[in-house]
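2 protein chains.
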Amino acid sequence: MEPMKVERLVINFKTLEEFKQFKNYGNQELSMLEDLQSNIIENDSVSPFFGIYFGNALVARMSLYKVEAKYDHYFDPPQDYLELWKLEVLPDYRGKGFGKMLVDFAKSYNLPIKTNPRINSHGFWEKMGFQKAKYNMERDLGENPLIWTPEGVGEQESEATNSQNV
Amino acid sequence: MEPMKVERLVINFKTLEEFKQFKNYGNQELSMLEDLQSNIIENDSVSPFFGIYFGNALVARMSLYKVEAKYDHYFDPPQDYLELWKLEVLPDYRGKGFGKMLVDFAKSYNLPIKTNPRINSHGFWEKMGFQKAKYNMERDLGENPLIWTPEGVGEQESEATNSQNV
Chain X
1 MEPMKVERLV
11 INFKTLEEFK
21 QFKNYGNQEL
31 SMLEDLQSNI
41 IENDSVSPFF
51 GIYFGNALVA
61 RMSLYKVEAK
71 YDHYFDPPQD
81 YLELWKLEVL
91 PDYRGKGFGK
101 MLVDFAKSYN
111 LPIKTNPRIN
121 SHGFWEKMGF
131 QKAKYNMERD
141 LGENPLIWTP
151 EGVGEQESEA
161 TNSQNV
Chain W
1001 MEPMKVERLV
1011 INFKTLEEFK
1021 QFKNYGNQEL
1031 SMLEDLQSNI
1041 IENDSVSPFF
1051 GIYFGNALVA
1061 RMSLYKVEAK
1071 YDHYFDPPQD
1081 YLELWKLEVL
1091 PDYRGKGFGK
1101 MLVDFAKSYN
1111 LPIKTNPRIN
1121 SHGFWEKMGF
1131 QKAKYNMERD
1141 LGENPLIWTP
1151 EGVGEQESEA
1161 TNSQNV
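Sequence order for the protein chains is X and W.
Residue numbering for the first sequence follows my numbering, starting at 1 and increasing by one per position.
Residue numbering for the second sequence follows my numbering, starting at 1001 and increasing by one per position.
Misleading hints may appear alongside valid ones.
[As the list claims (entries may be wrong)] So these bits of chain X aren't anywhere near chain W, every CB distance computed over 10 Å: (1) E17; (2) E18; (3) G26; (4) I40; (5) D44; (6) Y53; (7) F54; (8) E68; (9) P77; (10) N116; (11) K132; (12) E138; (13) I147; (14) G152; (15) G154; (16) Q156.
[What the hints assert, rightly or not] Footprint (simulated), chain X over chain W, 3 or more residues, beta carbon under 8 Å: (17) 1076-1089; (18) 1092-1104.
[Claimed, not checked] When the alpha-carbon atoms are kept at most 25 Å apart in a straight line, the in silico DSS-like pairs for lysine-lysine are as follows: (19) W:K1023 - X:K23; (20) X:K23 - W:K1134; (21) W:K1020 - X:K132; (22) W:K1100 - W:K1023; (23) X:K134 - W:K1014; (24) X:K70 - W:K1023; (25) X:K66 - X:K132; (26) X:K66 - W:K1070.
Keep in mind that the hints were calculated from the coordinates and are not lab data.
This structure is a prediction, so every number in the text was calculated from the model and none was measured.
Cβ atoms here follow ideal geometry from the backbone N, Cα and C, with glycine treated the same way.
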């Protein structure tokens, strides 16, 4: 068997079928399926999903997207950063370092990373070197974002004002 | 006992102590506590939290914040809308309509509402008249937002472009 590696997943019916095994399967995947069925996107389109195959089975995945510097309210100086979500390893394959492989892949872009952790996953993210962003209500609302920064990058003292008390 | 009602919660040590009973206690509450301890905010400051007291005990709460029209990527026409989060009823007080009281209170502003539901809460939100926003990856990333609209308000055909494939 080939060595395990992280690869970008293409959007096709096979991939979308494999996604059903993941607990975080949701609107995003359903929307991809509809777009594929309606020929809005082509078979084998690039996706924001990256995953790890074990033999022929997709056993871990995450979504990774680049947010442009002008929308950056987290990092100092403001810059392009990665939003990471839906990191998940199938139950039978946990404890083998697949989650870390995915996070290391994300870090290899050498851009700051932001994620919104699932409840009870803080231990994992802490081991990965992520820390809580200083909570800013106008920016974060219901989120508890965690961030990771490459050397030389700091956290913004954000004073976002896109929302207010009712 | 007085009739049950939804009231705005003030930020003080008593309220923050009561918040600890809620499962969604997180960075937001810790940040409020720090601000109070450091005299960054005053005792009894207004908060985005609304709640229901049963006798002297806070038994249900939610956070409600207004997002300005210029940041609205969900509704048509774009307008001020409410972001609702941390809706939670303490276990012993569920099934008594307190969740609905909070949502009805939010609806009484007659503004569209957006929320990001917790897993397994879709049944509740559906009963409250919320429906899934059409998933837009560039806008929603890891979220599966639900929306409610007052009469005459539609959903935006959003083409947000603040992020991109890596």
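- Item | Satisfaction of hint between K1023 of chain W and K70 of chain X, Cα-Cα up to 25 Å | Violated, because 34 Å separates the two Cα atoms, which is more than 25 Å.
- 10 Å Cβ clearance of G154 of chain X from chain W: Consistent with the label, G154 of chain X stays out of reach of chain W, its closest Cβ about 19 Å off (over 10 Å).
- Message: Does K132 of chain X sit within 25 Å of K1020 of chain W, going by the straight-line distance between their CA atoms?
- Response: The given pair, whose Cα atoms are some 19 Å apart, holds under the 25 Å limit.
- Query: Is the hinted pair K1100 of chain W and K1023 of chain W satisfied, with a Cα-Cα distance of at most 25 Å?
  - Reply: holds (19 Å)
- Once the closest CB in chain W is found, is it more than 10 Å from F54 of chain X? holds (23 Å)
- Could you check that no beta carbon of chain W comes within 10 Å of the beta carbon of Q156 of chain X? holds (15 Å)
- Item | Exclusion check [D44 of chain X not at the chain W interface, CB over 10 Å] | holds (14 Å)
- Task: Please settle this one: N116 of chain X was flagged as non-interface, so is its CB more than 10 Å from every CB on chain W?
- Result: N116 of chain X not clear of chain W: closest Cβ-Cβ about 6 Å, inside 10 Å.
- Task: Assess, step by step, whether the Cα of K66 of chain X is no farther than 25 Å from the Cα of K132 of chain X, and give holds or violated.
- Result: holds (20 Å)
- Message: If I take the minimum Cβ distance from E17 of chain X to any residue of chain W, is it greater than 10 Å?
- Response: E17 of chain X clear of chain W: closest Cβ-Cβ about 19 Å, beyond 10 Å.
- Query: When you look at the beta carbon of E138 of chain X, is every beta carbon of chain W farther off than 10 Å?
  - Reply: violated (8 Å)
- Between K1023 of chain W and K23 of chain X, does the CA-CA distance stay at or below 25 Å? Since the Cα atoms of K1023 of chain W and K23 of chain X sit roughly 21 Å apart, the hinted pair holds (cutoff 25 Å).
Consistency note: the structure conflicts with the earlier hints numbered 3, 8, 10, 11, 12, 18 and 24.
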